[in-house]
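S.K.: So the chains spell out like this:
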Amino acid sequence: MTSPILSVSNLERRYGDFIGCTDISFDVWPGEVVAIVGESGSGKTTLLNCISGRLDRSSGSIRYNMRDGRFPDLADLSEAERRFLMRTDWGFVHQNPADGLRMRVSAGANVGERLMAIGDRHYGEIRNTATEWLGRVEIAGDRIDDKPVAFSGGMRQRLQIARNLVTRPRLIFMDEPTGGLDVSVQARVLDLLRGLVSDLGLAVVIVTHDLAVARLLSQRMIVMKTGRIVETGLTDRVLDDPHHPYTQLLVASILES
Amino acid sequence: MSVSSNETGNALLSVRQVAKSFTMHLRDGVILPVVNDVNFELFAGECVVLGGPSGVGKSSILRMVYGNYAIDGGEILIRRNPTSEPRDLGAGDPRLVLDLRRDCIGYVSQFLRAVPRVSALDIVAEPLVSRGVDRTVAAEKAADLLRRLHLPEALFDLPPATFSGGEKQRVNIARGFITDHPILLLDEPTASLDAANREVVISMIREKLDAGTAILGIFHDQPVRDAVATRTIDVSAFSARRAA
Amino acid sequence: MTLPEYNFAYLDEQTKRMIRRAILKGIAIPGYQVPFASREMPMPYGWGTGGVQVTAAILGPDDVLKVIDQGADDTTNAVSIRAFFAKTANVATTTKTADATVIQTRHRIPEAPLSAGQVIVYQVPIPEPLRFLEPRETETRVMHGLEEYGLIHVKLYEDIAQHGHIATTYAYPVKVEDRYVMDPSPIPKFDNPKMNGSPALQLFGAGREKRIYALPPFTNVVSLDFEDHPFEVQKFKQPCALCNATGVYLDEVVTDDRGGRMYVCSDTDHCETRREEGHHGPGLPISGAQTVKEDAA
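Residue numbers (full-length UniProt numbering), protein chains in the order written: chain U, 1 to 257; chain B, 1 to 244; chain V, 1 to 297.
A hint or two may mislead.
If you want the footprint, here are the derived chain U segments under chain B, 3+ residues with CB under 8 Å [to be verified]:
hint: 1; region: 184–195
hint: 2; region: 212–223
hint: 3; region: 240–251
Keep in mind the hints are simulated off the structure, nothing from the lab. Every residue gets a Cβ at the ideal spot worked out from N, C-alpha and C, and that includes glycine.
Please take these sequences and the hints and turn them into a complete structure.
M.R.: And the structure:
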């Protein structure tokens, strides 16, 4: 494709006089993973919530390349269109799986919900698709009728990923997807994400404070500080040859293992 | 822009007036110059060795040509073949760099960056898979290369995190050699290999050269260098440290 | 005897007008839950305060009122509400479905088909069909507004996953005129088909939740299901033990303390009418019918 899937331009979000994020412009292209890094309070989550339509912006434009070829600003879509987009063409992986799952319904129904939302009405097919997706995120098929409350943190996160991917979205937003997991569990989730992203050709915007996660998953990186972008570029270039003082500080702060 | 050429046509890689320095913001903005006015060209079928003492900026040049280091000025022009239009990797457009890495430039670094849970075989096959080659075909080719480099088959399905230095390096070499990129960058590929495997790598390099690949490399190992080099560039000539 | 200190049908005229406006809006948008300023009634929530307010708002002096609870005219709840309106509105009451102009019901639709001109008022405990899966009222309203109904199938999916079939047997969700998903109140799903295309006006009142909704006559009402698990009503293996009726909703009645039981019509009027017409079931006791009905409630 010769145009971006998401185009952000001069985006600003204020909280009264306080700046959440400002002067933000970047494009996301189909099939690429863009990492937004920065410490707590740098505005990266505010930015993610704005571009995923979960938070109103103060000014600027956010345009999305729809499947039908239109490239509208999200603000010009009706609420119905925006919500439809969110549950079909987009995904959102929360740091805390409980925010993205229905904890009181079974794993199968969690995965199948998006299918039912777009009109699938064949129980057997919904269940087959759910089973297949549980397999892809390495959850045993015999857990399909268990509720997420009975799952470990890593399993819940993998279930959330399956729930998001079942409608074959083109763009996924992730907010610290491995942030709440033990290190050993993190590696498995990261590896899974890496594989799925490349197999499905997903475009991903991932917010993380963990530079190792950014290096592993992303091709491009955006470094944020106090609400502004201070450096962008190829991920390995930014990490191996950081230019901005803040990026140098971040890179220098990584513990060598 | 004027473009130099030899009997094989235009250079696949033209490095022009490239300068590189590091600004250490955490050290009160101290500027560390690395290289200045780097000029050289690399043609299809030749193996150019970057020579000069340690710390003179050889690895930095490789990294700049791979887009891993940004440059302060100059051009790094890349061609897919001697007749195609050059593209300036040095301009730093991330998407262009990614395109060139996928299609034009392979890189064997000094150290393998192991990915958790990904097997040696998948790491080697990945550059082919990302270019759209069928997974099983890519895996077969990866296995052939690893066998040729005498990596025990028992290790194929294991993640290399726990491998020895030499084993990791052989995985790294196989990954770099699996594609038919027109330009291949080698950063001391034989550093931690035994004699037998060194010979294998030498013959693999020769095969690449016969196939028309342009190779730019750093080889501290004299016998290897003598065996493969068609030309040597003394990087000391570009060193910015003299002036600094 | 009337109680002069109460207005006709207990509620003041302003309140009745407010409720009528809500009813009219509900009729205009079939299946849509209209908020209304539900009043305190002289009975506890859960005893039909919503239905009573709707009935009070539509009742006129010439109406004939029938009240049923689980199909029976003579249970405490039905008797009390009937007596309430007999006193406060001085209207005629009946147990005969065909004779009634207004039927207030809890958990059943009469077996005898309703006819044009009749109004049936349902008592509703929880009007929101999406409530058990989505606790936020703001969110369920948006979902209704945008017709996002995937969630309702999640519930049916869970049923099949756990029980092998759709195990929801009452308050079975329906889609109205291909637009709003509606909770039909806790009637057995056996009664769902009766709502579809009924010539009677159907009104639903939820007192505690302060919602009114409606199905105007001849409204299209479809029970939700899956292609491979289609909607089915309960089937009974035997006819009514008293009147031998088949194809009606039966209650299981325990007849002794030794495991004896029988199945009888839950609609007491229907059962009595059939017996008056000469139908006799296999288990009709010589003189125990009255006792049986009380137990059934």
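S.K.: Please list, smallest to largest, the hint numbers that this structure does not respect.
M.R.: Result: no hint breaks.
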